[in-house]
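What follows is the residue order along each chain.
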Amino acid sequence: MAQIFHRSTNTLSRLSIFGAVFIVAALVTVVGVFIRSPYVTEARVVREQPVPFSHKHHVAGIGIDCRYCHTSVEDSSFAGIPPTKTCMNCHSQVWSDSPMLEPVRASFREDRSLEWTRVNDLPDFVYFDHSIHVHRGVQCTTCHGRVEEMPMTWRENTLFMEWCLDCHRHADQYQTPGRRIDSPMKLTNCSVCHR
Amino acid sequence: MKPTGKVWRTLDEYSNSAEFQKSLHDEFPPHATKPPEPLDRREFLALISASLAVAGLTSCAPAIPEKIIPYVRPPEEVVPGKPLFFATAFPFGGYGLGVLVESHMGRPTKIEGNPDHPASRGSTDAFAQASVLSLYDQDRSKVIISGGRISTWDGFITALATELETKRLNKGAGLRILTETITSPTLASLLGRILQQFPAAQWHQYEPVNSDNARRASRMALGRYMDALYHFDKADVILSLDADFLLSMPGHVRAAREFASRRRNPMNRLYVLESTPSITGASADHRRPVRSSEIPSIASRIAGALGGKGSGGDAWIDALVRDLQSARGKSLVLAGPQQPAGVHLAAHTINMSLGNVGQTIEYVEPVEANPVEQMESLKQLTRDMQQGTVDLLVVVGGNPVYTAPADLEFAKHFSNVKTRVHLSLYEDETSDLCHWHVPETHYLESWGDIRSVDGTITIMQPLINPLYAGKSAYELLSAVLGQPTRTTYEIVRETWGGEEGEWRKSVHDGIATFSPNFPHPPSFAGVPLPEGEVGGGEVQISDSIEVVIRADPTVYDGRFANNAWLQELPKPITKVVWDNVALVSPETAQRLDLSDEDVVEIQHDGRAIRAPVWVSPGHAKDSITLFLGYGRTRAGSLGSNRGYNANSIRTSAAPWIAQNALVRKMGVRYALVSTQKHFLMENRDLVRRGPQDRADNALTLYPEFPPEEYAWGMSIDLSTCIGCNACVIACQAENNIPVVGKTEVGRSREMQWIRIDTYYEGDANRPEILFQPMLCQHCENAPCEPVCPVAATTHSNEGLNEMTYNRCVGTRYCSNNCPYKVRRFNFFDWHDGEGAVMSLLYNPDVTVRSRGVMEKCTYCVQRISNARIEAKKQDRPIRDGEIVTACQGTCPANAIVFGNIADPESRVAKLKAEPRNYGVLAELNTRPRTTYLAKVMNPNLEMPR
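Residue numbers (my numbering), protein chains in the order written: chain F, 1 to 195; chain H, 1 to 945.
Keep in mind the hints are simulated off the structure, nothing from the lab.
On a predicted model such as this, the values are computed, not experimentally measured, just so you know.
One thing to keep in mind: the hints can contain errors.
[What the hints assert, rightly or not] Computed cross-link-like contacts, PhoX-like style, restricted to lysine-lysine with a CA-CA straight-line distance of at most 20 Å:
#	chain 1	residue 1	chain 2	residue 2
1	H	Lys67	F	Lys85
2	H	Lys379	H	Lys418
3	H	Lys6	H	Lys677
4	H	Lys872	F	Lys186
5	H	Lys171	H	Lys418
6	H	Lys412	H	Lys379
7	H	Lys872	H	Lys82
8	H	Lys873	F	Lys186
9	H	Lys677	H	Lys621
My request is simple: use the sequences and hints to build the entire structure.
Have a look at this one:
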């Protein structure tokens, strides 16, 4: 009876058994790189907003403090998005007829809220609190990046759990020196973020 | 001290039948598993594709970008992410309970007690806790309806004005207003002005659960209507004559608080005579089940024995009387609202002869604006309707077509009225028969004022704009006065006048400070009692069965019928959900050959109803208890067509206790669901009494956990727990816990994180009843943790047994391994389809769980986290008492204490050091962080056993 398989099949099968490890490793790497890519994480991807607001202009250019607009960052879990009134404090006088700012004026005139697109969006089962991070000396830029250099706002980091944990495990490397540092054991309890 | 008798949960367990033994050894409850059915190719493919979808492949689409919508002009004080609390009052049966309402960005989400309010002192009840769910109920009436068509407020006003114009000519003859109990000064003043404008008009008041008997007795004894105000905290010996003062009488939260404060050293003693086992009876040191119709004669014997006439050889009464006599001025006798006036008179007499008046009981001017005997009032209205002398009837709240006793034939005569107007929260049975139905505002949507049992006035403030364009009773009555455009705020504000500062302070505090709080109670020492009225005389006891009617302990008179939390709340003691039952004693059940779920026909006075039987240990024999609030036809999608309607056998002559009923077994069964049979504990020593030997903590070779700054723990006092269920609903509201419906509860799939286990001890006909709240014990050696394959349940360094929902893959191993059976699994996405309005109710600090996820008590970890963050921000440790769990906060008995056991000075650590402290199943070396203080009672040793 003639042989069904050619002799080269032996080599092929040895190769594929030996190569399987590499094929699987390559797949894992590709998937790992893919889910960390901006395509998935949307990190460093600019979001479209109703008004092209530039942090670069307002923070670096004019020198407005973060807390002028994000008023509750020291008191509440939510840093706060400024109400239209805050915009109009200046823009009723400055650039008061710029067509770019018409949505802001319309909002104020018609008492209709502006709808901003959330840039730093955590899953609903994660409870992040701005106030305690600020109090413990974590700089805004540690998580949000150099916002003053962003003409349009993007998310600086992946907001993956591994990214959160990196800081919670090595808080001493991220907190302003001199602030009280909790042990990683305390900071990595599940219920610190999940409840 | 070991338990004196056998402790058991169900009658099956008590009799230890073969069936019960088998059910214990069955691995799964009935219906838990279905045999697999053979699949055809199509089904197989459908399942495979569904599995792929469920596996998450469909969720690979990019996330929908979330919007942030800031204010245009920010309101003062609102900080996004932080809740605000506003004081108002929860109206219940006309009386107010001071509450603080938690509001997240304008959404009321949770009710807390108002610590400054004398009727609340910081605690609430299950009704108040659940009231926030009714606010968002999508079955609430949303539009004005006229003759079956949608109409407008203007349309209604025009029609009403035309009607009233003709009324004005004959001074309002034919105009009637029917309200529920009214304590609101503003409503009273509006009604007063209406009666001034229309002198021939009449105001009727009716609630199915009222205090007519107490009222009649006060008129007989004192010459006019007076309210009795009890001070349970000052009483050493309390005798309740069928009075369920811990759950169903006005002011029960205050009563529970005062009563429980004396279940610690020095301890009070409670005697209860009652037919139907109530939580008050369960809290008693001596409970004697007697037929409700026998209580008048027993009361008169007690009064006689106190007067030296002798008890007729009843050792129980002799011992009781000696105890009462030894506590002169420090005892308290009270009669239940369903007992005839004679029993109330007997209670008055005893209190006076013991010198209790002015000490433990005060007679005060009625809190009600215009106290009337309500059944008389309704009767008069019905009579006039029958005679055709009523041609405009405005029904403000209430649901008389459903709640009126059957013999009045209210619905029939109602249709004689030319124009019928109804204001109510739901489009109900009464609305159905009305020409005009106006949707009412919920109490959280409207201004208002109300008084509590002790007379304190609360200005109620709205937490949210009316969701469904409702109108308040104030607006409706103002419209009758010809001022339809006035807002509720204007109407209420006008009553109070006064300075703006004072007004604001009153609204803020929840207590009106600028009105005289309460007129000083007059002295009644010298008022003679009418001869012959005392005790109500001997009642002929017949051998036939008496029918006792009670308000339902969860849906009350039917007003909460569409409240899913209250429907699914296991009723105290019976633990039945979603239904009402007819209770009989085991002895009577045996005599009539009845068992649980047998349908019986109960005939009385030519009327009959059919009801499923539930055998209730401790019920009086030859007595059957029926509950109001069910059998509704237009309650909403949840409340309609459930249970039987006890009103259809109720008569105006005997609204509470009817004799000579016939009970006939129908030979059919009706499936009931009771959680009492879930999670049975197989004779393990879980609920205990007296001081404990401390050898329970098993020895261990492992080193102790390193001491931490905080170690959270809880102590629950079984001596003070009254089993009122308030904690169960408080937990449900705080933690976004879903409801699952009757069928799923029947499969042991209830979701409440706390359950109140009821245990019986001793003889089935006269058992002692014990309660044990059971929730996650936060074991230090938690059996659930090592079996989780994905580390979704873990231990925090502060000793919390954490549950991380997003990790959970739903193996349910943890639940199987939990010896306390406190873990709850989301078999379905219970929140799915609740709608946009209901989602406003969610507590934003707690994850809303989805299908396939395990959940359980977290010790309100969101509150711990918030307190920890606040403390860290101020660079200080968390103070003792700073963290109050939802169950602890609402508990009227103060039975639950939570805190840091690492701090020996904390309240919880001190309680855990008491000799009564024990851990349930501590012999398994689980080292539970929740421990119990064993029950202690204060029995009268002279009592015959």
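Checked hints:
no. : hint                 : result
1   : H/Lys67 to F/Lys85   : 19 Å, holds
2   : H/Lys379 to H/Lys418 : 19 Å, holds
3   : H/Lys6 to H/Lys677   : 17 Å, holds
4   : H/Lys872 to F/Lys186 : 13 Å, holds
5   : H/Lys171 to H/Lys418 : 17 Å, holds
6   : H/Lys412 to H/Lys379 : 13 Å, holds
7   : H/Lys872 to H/Lys82  : 17 Å, holds
8   : H/Lys873 to F/Lys186 : 16 Å, holds
9   : H/Lys677 to H/Lys621 : 23 Å, violated
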